[in-house]
Amino acid sequence: MRRGVRIKDHWNEQRLFSGRTLFAGIATALLLLVVIGRLFTLQVLRHEYYADLSQGNRVRLEPLPPDRGLIYDSNGTVIAENTPAYQLELTPEQVPDVPDTLQRLATLGLVDAEQVPALTRLIRSGRKFQAIPLRLSLSDADMAVFSVHQYEFPGVEIQTRLARWYPFGNEGVHALGYVAAISEDDLQHIDRDQYAGSALIGKIGLESAYEQQLHGSAGHRQVLVNAQGRRVDRLGTTPVRLETLPPRAGNDLFLGLDMRVQHIAEEALAGKRGAVVAIQPETGDIVALASVPTYDPNKFTRGISGREYAVLRDDIDRPLFNRALRGTYPPGSTVKPMMALAGLEYGVIDPNATRLCQGYYTLPGSTHHYRDWKKEGHGAVDMRRAIATSCDVYFYGLAEVLGIDRVHDAMTTLGFGKPTGVDVGGERAGLMPSQAWKMQTYKQQWYPGDTVIVGIGQGYLLATPIQLAHAAAVIAARGRSFRPRLVTAVRDATTGRVTKLAPVAETPLVLKDPGMWDIVVQGMEMVTEAGGTAVAATRGAPYRIAAKTGTAQVFSLGQNEKYNASQVSERLRDHALFIAFAPADAPKLAIAVLVENGGHGGSVAAPIARRIFDAYLLGKYDADTPAPPPALPATPPPTVDH
Amino acid sequence: MLFTDTQSQAGRTLTATGWLLRRLHLDGPLLAALGAVVAFGLFVLYSATGENLGQWLSQLERLALAMAALVALAQVPPAWLRRISPLLYGVGVVLLVAVAVHGSVGNGAQRWLDLKVVRFQPSEIMKLAVPMMCAWYLHERPLPPSLRDVAVLLALILVPSLLIAKQPDLGTALLVASAGLLVLFLAGMSTLVIVLGLAAVGAAVPVAWHFMHDYQRQRVLTFIDPSTDPLGAGYHSIQSQIAIGSGGIFGKGWMNGSQAQLEFLPERSTDFIFAVIGEELGLLGQVFLITLYMIVIGRALYMASEAQNTYARLVCGSFALTFFVYAFVNTGMVSGILPVVGVPLPLVSYGGTAMVTLLASFGVLMSLNRHRKLVGA
Chain A
0 MRRGVRIKDH
10 WNEQRLFSGR
20 TLFAGIATAL
30 LLLVVIGRLF
40 TLQVLRHEYY
50 ADLSQGNRVR
60 LEPLPPDRGL
70 IYDSNGTVIA
80 ENTPAYQLEL
90 TPEQVPDVPD
100 TLQRLATLGL
110 VDAEQVPALT
120 RLIRSGRKFQ
130 AIPLRLSLSD
140 ADMAVFSVHQ
150 YEFPGVEIQT
160 RLARWYPFGN
170 EGVHALGYVA
180 AISEDDLQHI
190 DRDQYAGSAL
200 IGKIGLESAY
210 EQQLHGSAGH
220 RQVLVNAQGR
230 RVDRLGTTPV
240 RLETLPPRAG
250 NDLFLGLDMR
260 VQHIAEEALA
270 GKRGAVVAIQ
280 PETGDIVALA
290 SVPTYDPNKF
300 TRGISGREYA
310 VLRDDIDRPL
320 FNRALRGTYP
330 PGSTVKPMMA
340 LAGLEYGVID
350 PNATRLCQGY
360 YTLPGSTHHY
370 RDWKKEGHGA
380 VDMRRAIATS
390 CDVYFYGLAE
400 VLGIDRVHDA
410 MTTLGFGKPT
420 GVDVGGERAG
430 LMPSQAWKMQ
440 TYKQQWYPGD
450 TVIVGIGQGY
460 LLATPIQLAH
470 AAAVIAARGR
480 SFRPRLVTAV
490 RDATTGRVTK
500 LAPVAETPLV
510 LKDPGMWDIV
520 VQGMEMVTEA
530 GGTAVAATRG
540 APYRIAAKTG
550 TAQVFSLGQN
560 EKYNASQVSE
570 RLRDHALFIA
580 FAPADAPKLA
590 IAVLVENGGH
600 GGSVAAPIAR
610 RIFDAYLLGK
620 YDADTPAPPP
630 ALPATPPPTV
640 DH
Chain B
0 MLFTDTQSQA
10 GRTLTATGWL
20 LRRLHLDGPL
30 LAALGAVVAF
40 GLFVLYSATG
50 ENLGQWLSQL
60 ERLALAMAAL
70 VALAQVPPAW
80 LRRISPLLYG
90 VGVVLLVAVA
100 VHGSVGNGAQ
110 RWLDLKVVRF
120 QPSEIMKLAV
130 PMMCAWYLHE
140 RPLPPSLRDV
150 AVLLALILVP
160 SLLIAKQPDL
170 GTALLVASAG
180 LLVLFLAGMS
190 TLVIVLGLAA
200 VGAAVPVAWH
210 FMHDYQRQRV
220 LTFIDPSTDP
230 LGAGYHSIQS
240 QIAIGSGGIF
250 GKGWMNGSQA
260 QLEFLPERST
270 DFIFAVIGEE
280 LGLLGQVFLI
290 TLYMIVIGRA
300 LYMASEAQNT
310 YARLVCGSFA
320 LTFFVYAFVN
330 TGMVSGILPV
340 VGVPLPLVSY
350 GGTAMVTLLA
360 SFGVLMSLNR
370 HRKLVGA
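Chains as they are written, first to last, in numbering that gives the first Met the number 0: chain A, 0 to 641; chain B, 0 to 376.
It is worth saying that the hints were derived from the structure and are not from the lab. It cannot be assumed that every hint is accurate.
Rough simulated footprint, nothing fancy, chain B against chain A, three-plus residues with beta-carbon under 8 Å [to be verified]:
id : region
1  : 19-33
2  : 43-53
3  : 211-225
Residues of chain B clear of chain A, computed beta-carbon distances all greater than 10 Å [to be verified]:
id : residue
4  : Arg-140
5  : Leu-191
6  : Val-200
7  : Gly-201
8  : Met-211
9  : Leu-220
10 : Val-355
Treat the numbers as computed from the prediction; the structure is a model and nothing was measured. Even glycine gets a Cβ: it sits at the ideal position worked out from N, Cα and C.
When you get a sec, could you build the whole thing from the sequences and use the hints?
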């Protein structure tokens with residue numbers, strides 16, 4: 000087309016080009032001004048907004064868990080401490096597929112397969128950036144397995160953390176309780192900020208009751224993180240100022256519990272099912288609190304497997320069951336001194352007057368025989384003698400004269416039917432029946448016969464071992480009453496100051512005549528003298544013991560049947576009970592012993608109390624000291640109760 | 000004699016420098032502006048690479064190579080440059096086809112041709128070859144170009160551009176196409192045709208969408224609303240805006256940008272280095288760089304308008320405006336007003352062959368401009 004039709008016009012082309020260039024130059028400048036305008040918007044107008052975003056990007060709070068407070072016994076021996084453990088942890092936001100990761104860890108045996116659903120829920124309910132412990136304690140073999148496979152598990156790592164350790168293992172577990180991994184339920188009612196970074200929480204016993212004191216408060220520090228969320232030390236050339244709030248360690252607890260005595264108590268109960276509570280009458284301090292069988296709390300702190308837990312849970316002897324605080328039993332004849340006190344206080348009986356015991360009791364206008372444990376009867380007995388020989392007929396009559404309402408009031412004053420208020424949770428109230436209670440519960444009226452058997456600690460009456468020990472302590476202190484307690488002092492973690500806690504005095508039981516205490520205590524002393532029901536177990540003690548035996552019926556007999564221990568299933572045999580305090584004239588320790596289906600209180604429960612008294616009062620801590628030989632004259636006759 | 004023996008050392012140095020520049024056919028102001036950009040770039044790059052001296056030195060090495068290319072090309076007589084334009088273009092297209100057939104896959108895309116000695120991207124050649132070819136075609140023809148000429152030129156531009164876009168390298172394809180189209184624009188193509196062309200492009204958008212790779216579509220979608228995918232495709236855009244915005248007027252200080260140094264900002268030393276400047280040196284640092292760019296572009300456009308033949312004018316003008324396209328597209332995408340396309344910040348971003356290509360283009364520009372007295376019109 001260019002041949003001849005159009006020729007190049009250089010001047011015109013130059014002009015055209017210059018015009019276009021000028022246009023382009025202006026457009027260029029304008030467009031770059033648009034960019035500058037945009038930059039101005041970002042950096043000046045919206046600077047604050049982006050500065051905040053940038054700060055949020057790089058600074059993260061890392062929780063600093065507090066060290067849990069330690070627990071000491073009365074001798075200053077550590078009974079709950081913290082030791083390093085290797086813990087397997089998962090940080091949710093770094094894990095691409097949580098269920099798959101858990102499944103594969105379970106395949107390697109690093110996580111309990113049964114716990115996978117629970118762990119999944121726990122991870123879902125937690126915070127994305129907070130590490131969740133999967134396994135609290137790894138063995139060397141587990142560590143090796145994980146090390147080999149670590150690259151397959153982004154977001155899962157091994158951390159050294161302090162874990163709880165109970166050096167005495169099973170001993171004292173029913174007082175101490177244990178800590179275990181924080182569960183989904185726990186998350187519902189704890190301050191999550193305080194537990195960020197903590198793996199363990201008190202579940203039961205003291206560990207749970209004093210959780211707030213023991214836990215302390217969590218701290219945190221700001222850490223600089225890069226885009227991968229990894230911690231970095233510095234940013235460019237300048238070190239960055241970051242805040243740190245140090246954690247406050249939990250307070251240490253000092254107990255009245257004496258692990259040497261506790262050891263004797265648990266050893267004496269070994270092989271049985273039962274409980275012992277030993278209390279200092281002048282303070283309410285618990286020197287020993289045992290429930291047997293026991294279990295090892297360290298299993299829980301290190302992460303108990305589903306199978307291990309099932310074994311404990313399904314054990315017919317119920318090792319997880321705290322008999323001392325939660326077991327309610329008919330107290331049997333151990334209530335007789337208290338019935339005597341009620342009789343004296345209400346002035347319904349002359350302690351020196353004798354009653355004739357022919358081996359049975361009948362209510363006026365009735366032919367029903369309430370049998371005495373001694374078929375032939377005790378003959379003429381006064382109050383002291385009735386306590387010493389555990390005469391049922393005497394107390395059937397006394398209860399009948401008092402009537403259930405006065406019995407109820409007197410026994411309630413001594414602590415029956417209500418929790419003792421001991422500083423560890425889970426205690427049961429037992430049952431102190433009354434007319435109103437029966438009407439409300441059974442829609443039935445109270446019969447005189449109901450009252451008669453309450454007189455010997457049977458019927459509806461139920462009490463826990465700690466209630467019995469507390470009642471024994473009140474009698475020992477002649478009416479002064481202190482709330483039972485385990486913790487006697489607290490050491491503040493920051494100041495190191497030990498604050499002794501004053502004993503908690505409760506309303507004292509004041510009798511019209513203080514001499515009444517002597518009558519009852521004399522009767523209890525006679526229990527351990529010749530002719531008493533606990534003479535064998537207390538023979539040769541260099542201190543005087545005031546006591547009362549009890550044998551509580553589990554199995555009801557027909558009116559003319561005879562109880563034959565060998566014919567009754569082991570689980571239906573009588574419970575053996577024993578309450579005592581010593582030295583009788585200046586009591587230092589009050590004890591209640593219960594042996595489930597143990598049989599005879601005097602022959603089974605009393606020797607256990609004797610060993611504890613020997614340990615506490617005489618320092619006989621030697622574990623190998625043989626128990627005093629059971630030297631009861633003859634097989635006890637078949638009884639309802641004594 | 001203007002200068003005597005008593006004249007200052009500085010005066011003599013200046014005289015000597017002027018003489019050397021003339022001898023080497025170099026343009027002093029343009030070279031100074033380019034030098035300022037490059038020096039500023041090296042300063043920023045040291046921080047953006049996280050004090051990686053190795054990377055910094057390799058950038059310096061690349062810079063030396065690029066400078067050598069600039070000086071060498073400036074020595075080539077303009078007539079030669081014009082004559083080899085079709086050859087350069089032809090070789091470039093052949094190489095692009097070769098890459099398409101069996102190129103090595105680098106960075107997830109087929110861009111590199113391995114010639115045993117050097118691995119290079121033929122698409123980089125096209126950044127120079129396409130505008131030079133277009134200018135060569137128009138050199139003898141009367142301007143403004145006829146419709147037939149426009150059609151031929153569009154074909155010359157589209158063939159290599161599409162080959163590059165297919166690799167896929169959207170950024171380079173865009174730059175190559177715009178370099179060619181800028182020649183058309185400067186040649187005085189009728190405004191009506193331009194408007195109609197833009198309308199046709201608008202109509203072609205749905206068609207283009209159809210041929211796009213998923214990641215390209217994603218980029219477009221994310222550009223429209225980055226918050227829809229804050230951790231995926233929108234991450235780049237969001238983090239770079241946080242970096243710039245948090246820098247404020249004065250910045251957080253050199254090597255103290257948390258977004259950059261803690262790696263929240265992706266590709267901080269390459270495509271997104273402009274955000275590092277914004278974070279560490281603030282609005283002032285960014286405006287300073289943009290001002291330098293304006294000086295470079297302004298000087299280059301002035302030189303283009305001073306050029307004495309059609310070929311020289313068109314090539315110089317196209318190179319000057321292509322440099323602007325680089326700067327505008329990169330700063331626009333980093334500050335969030337343009338979609339994220341792989342265009343580096345000219346003469347500042349780390350790596351790539353863009354540095355060499357850009358300085359080479361300025362070498363050509365200087366040759367075409369500074370030889371005029373010797374060659375004549």
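Chain A versus B:Met-211 - minimum CB to CB distance exceeding 10 Å, so not interface
25 Å, holds
ask   = Counting residues of the region 19-33 of chain A with a beta carbon closer than 8 Å to any beta carbon of chain B, are there 3 or more?
value = holds (count 9)
Checklist line | Coverage criterion applied to the region 43-53 of chain A (partner chain B; beta-carbon cut 8 Å; 3 residues) | finding: holds (count 8)
If you look at each residue in the region 211-225 of chain A, do at least three have a Cβ nearer than 8 Å to any Cβ of chain B? That given contact holds, which follows from 3 residues of the region 211-225 of chain A lying within Cβ reach (below 8 Å) of chain B.
* Asked: Would you say B:Val-355 is clear of chain A, with no C-beta pair closer than or equal to 10 Å?
  -> 24 Å, holds
Cβ separation check - B:Gly-201 to all of chain A, threshold 10 Å: 19 Å, holds
Open item on the list: The output says B:Arg-140 does not contact chain A. Does that hold with a beta carbon cutoff of 10 Å?
Closed with: Given a closest Cβ separation of 6 Å, the condition is violated.
Just double-check B:Leu-191 for me: nearest Cβ-Cβ distance to chain A has to come out over 10 Å. 15 Å, holds
Quiz prompt | Exclusion check [B:Leu-220 not at the chain A interface, CB over 10 Å] | solution = 21 Å, holds
- request: Could you let me know if the closest chain A CB is still more than 10 Å away from the CB of B:Val-200?
  value: 18 Å, holds
Violated hint for the displayed structure: number 4, the only one.
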